[in-house]
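Engineer: Residue numbers (my numbering), protein chains in the order written: chain A, 1 to 245; chain B, 1 to 245.
Note that these hints are calculated values from the structure, not bench results.
Do not take every clue at face value.
Derived lysine-lysine pairs resembling PhoX-like cross-links, with alpha carbons at most 20 Å apart [stated by the list, open to error]: (1) A:175 - B:24; (2) B:175 - A:238; (3) A:175 - B:196.
Okay, the calculated bits of chain A under chain B, using three or more residues with CB under 8 Å as the criterion [to be verified]: (4) 31 to 38; (5) 163 to 177; (6) 207 to 216; (7) 221 to 233.
Just some of the chain A residues that point at chain B, by a computed CB distance under 8 Å [what the hints assert, rightly or not]: (8) 21; (9) 94; (10) 97; (11) 99; (12) 201; (13) 239.
Note that the Cβ used here is the ideal one computed from N, Cα and C, for glycine as well.
Read off the chains here:
There are 2 protein chains.
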Amino acid sequence: MELFYTLPENVTGQSIQLDTFESKHLVTTLRKKAGDTVYVTDGCGTLFTTILQTVHPSARLEITHKKQHPAPDPRIGLGIGYIRPNRLDFILEKGTELGVNDFYLIRSENANYMSTNKNRFEKIVRQALKQSLKMYKPNVYFSGSLSEYIKQTVEYELRFAATGPEAPAVLPSFKSAYANQQSILVTIGPEGGFSKRETELLENDAFLCVSLGDTRLRSETAALTAVAAVQLFTDYLKETSIGTG
Amino acid sequence: MELFYTLPENVTGQSIQLDTFESKHLVTTLRKKAGDTVYVTDGCGTLFTTILQTVHPSARLEITHKKQHPAPDPRIGLGIGYIRPNRLDFILEKGTELGVNDFYLIRSENANYMSTNKNRFEKIVRQALKQSLKMYKPNVYFSGSLSEYIKQTVEYELRFAATGPEAPAVLPSFKSAYANQQSILVTIGPEGGFSKRETELLENDAFLCVSLGDTRLRSETAALTAVAAVQLFTDYLKETSIGTG
Chain A
1 MELFYTLPEN VTGQSIQLDT FESKHLVTTL RKKAGDTVYV TDGCGTLFTT ILQTVHPSAR
61 LEITHKKQHP APDPRIGLGI GYIRPNRLDF ILEKGTELGV NDFYLIRSEN ANYMSTNKNR
121 FEKIVRQALK QSLKMYKPNV YFSGSLSEYI KQTVEYELRF AATGPEAPAV LPSFKSAYAN
181 QQSILVTIGP EGGFSKRETE LLENDAFLCV SLGDTRLRSE TAALTAVAAV QLFTDYLKET
241 SIGTG
Chain B
1 MELFYTLPEN VTGQSIQLDT FESKHLVTTL RKKAGDTVYV TDGCGTLFTT ILQTVHPSAR
61 LEITHKKQHP APDPRIGLGI GYIRPNRLDF ILEKGTELGV NDFYLIRSEN ANYMSTNKNR
121 FEKIVRQALK QSLKMYKPNV YFSGSLSEYI KQTVEYELRF AATGPEAPAV LPSFKSAYAN
181 QQSILVTIGP EGGFSKRETE LLENDAFLCV SLGDTRLRSE TAALTAVAAV QLFTDYLKET
241 SIGTG
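If we strip away everything but chain A, and leave its shape as in the complex, we get:
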């Protein structure tokens, strides 16, 4: 199945107008023709089954069926100190694939890079969304400092930060803290990690400071390890509690 993306505002009644980028992908790359079935998501949980009507100047689709997918449970946020652009792109791509709903790019003290090129990040996230057949498009937020990040994420019910090998191991901490929270945030430092002052800020603001193991991981590897762990372990704890409860 090929999935296409539309901005929600381009869905009008029974009709969808794809933007230029998606139209080109549909018509020029995949050579779809009027009458073909096309699957489209609005990135807000809806999967539209449509029929391609016209291809010029951009693709117009008629909706034949729509299905609302349940919201992600838990909602997963990932805060990451700025790292080299190609490694950051990689986190956005793989994070989307693994089901991250909110990315926060943090200008923390040891972050040596910085970019707020929203268009570029949006493009990467869209591509990953389509590739991995996700119906919820992640948001990308910018945090000018760690303090700002802490404020921006205050509604997350459970907030973690990977602060280094001297902190307690992530899964036992997770198990103790988990009580069916519906939003979970993980926080990874840039190369060089968080400063001492930042680690204290995190601790003071009720972030659970944890370790991902003894091994030295690059930021992007740590980020994906943490997200994968949250995904798999949440499922595990739900299943276990059903088993014993």
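Given chain A, work out where chain B should sit, using these hints.
Structural biologist: Then chain B, alone, in the frame of chain A:
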């Protein structure tokens, strides 16, 4: 700390002769001089503290201290169907960082790519070893078919294969099967997954067939998710059994 790599056979008594590649890194890139301290591993668990003696024609080091690191427990193997070269490189790099000890590159039925360029793989693994300060260098093996892979890995005490979303979830299966095994193998298909015949082969050969979740993951994302899960969850189960036992 910067870590260098030497072939074990280049360690003679109290002296180490670095190869051309490592010498260049040490002398040209990092501008180390005679008398400087240099850390070297043989990839077999030994960390040598040395003093740089001469830099021409290649670096000669004198060992002042050596420390043997314990063997990885559990030993982790990763079997992966061939995927695009850049994505395979990525698995070798990130897998090394996460602590994989044996890579098996499998020419399974849906694998559309193939390479046995041992030198290239060796170079990637070495770089990742140095970067992540690992003392055990992973092996890279080639498997001409899934059957060959099954035979090659028979000594692994616990063998998993991610066969798709219809299989049981990985962590509950892992918990049931885990009994302090000292070697664990995870197996990931190429793009397109394993064929029906291959899945049957795995099941018949006592591989635990599991799912990494409902989401569609690319092979390299699935591979790293599986390895991270094994690492973190093994630690968790060990810790839990100490807690309750």
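Engineer: The hint names residue 99 of chain A as touching chain B; please verify it with the least Cβ-Cβ distance against 8 Å.
Structural biologist: Given a least distance of 6 Å, the restraint on residue 99 of chain A holds.
Engineer: How does the segment 163 to 177 of chain A fare against chain B when you require at least three residues with a CB closer than 8 Å, holds or violated?
Structural biologist: holds (count 5)
Engineer: Verify the interface restraint on residue 97 of chain A: the C-beta must sit less than 8 Å from at least one C-beta of chain B.
Structural biologist: holds, 5 Å
Engineer: For the hint on residue 201 of chain A, just tell me whether its beta-carbon gets within less than 8 Å of chain B.
Structural biologist: Constraint on residue 201 of chain A not satisfied, violated at 26 Å.
Engineer: Would the hint linking residue 175 of chain A and residue 196 of chain B be met if the CA-CA limit is 20 Å?
Structural biologist: With a Cα-Cα distance of about 37 Å, the restraint between residue 175 of chain A and residue 196 of chain B is violated, given a limit of 20 Å.
Engineer: At a Cβ distance under 8 Å, does chain B reach at least three residues of the segment 221 to 233 of chain A?
Structural biologist: holds (count 8)
Engineer: Given the hinted pair residue 175 of chain A and residue 24 of chain B, is their Cα-Cα distance within 20 Å?
Structural biologist: Violated, at about 48 Å.
Engineer: Taking 8 Å as the limit, does the beta-carbon of residue 21 of chain A come near enough to a beta-carbon in chain B?
Structural biologist: violated, 22 Å
Engineer: Is the interface hint for residue 94 of chain A satisfied, with its Cβ closer than 8 Å to some Cβ of chain B?
Structural biologist: holds, 5 Å
Engineer: Given residue 239 of chain A was flagged as interface, is its beta-carbon under 8 Å from a beta-carbon of chain B?
Structural biologist: holds, 6 Å
Engineer: Does the segment 207 to 216 of chain A contain three or more residues whose Cβ lies closer than 8 Å to a Cβ of chain B?
Structural biologist: Held - the segment 207 to 216 of chain A has 4 residues with a Cβ nearer than 8 Å to chain B, which meets the minimum of three.
Engineer: Keeping to a limit of 20 Å between CA atoms, is the pair of residue 175 of chain B and residue 238 of chain A held or broken?
Structural biologist: holds, 14 Å
When the structure is compared with the earlier hints, violations turn up for hints 1, 3, 4, 8, 12 and for no others.
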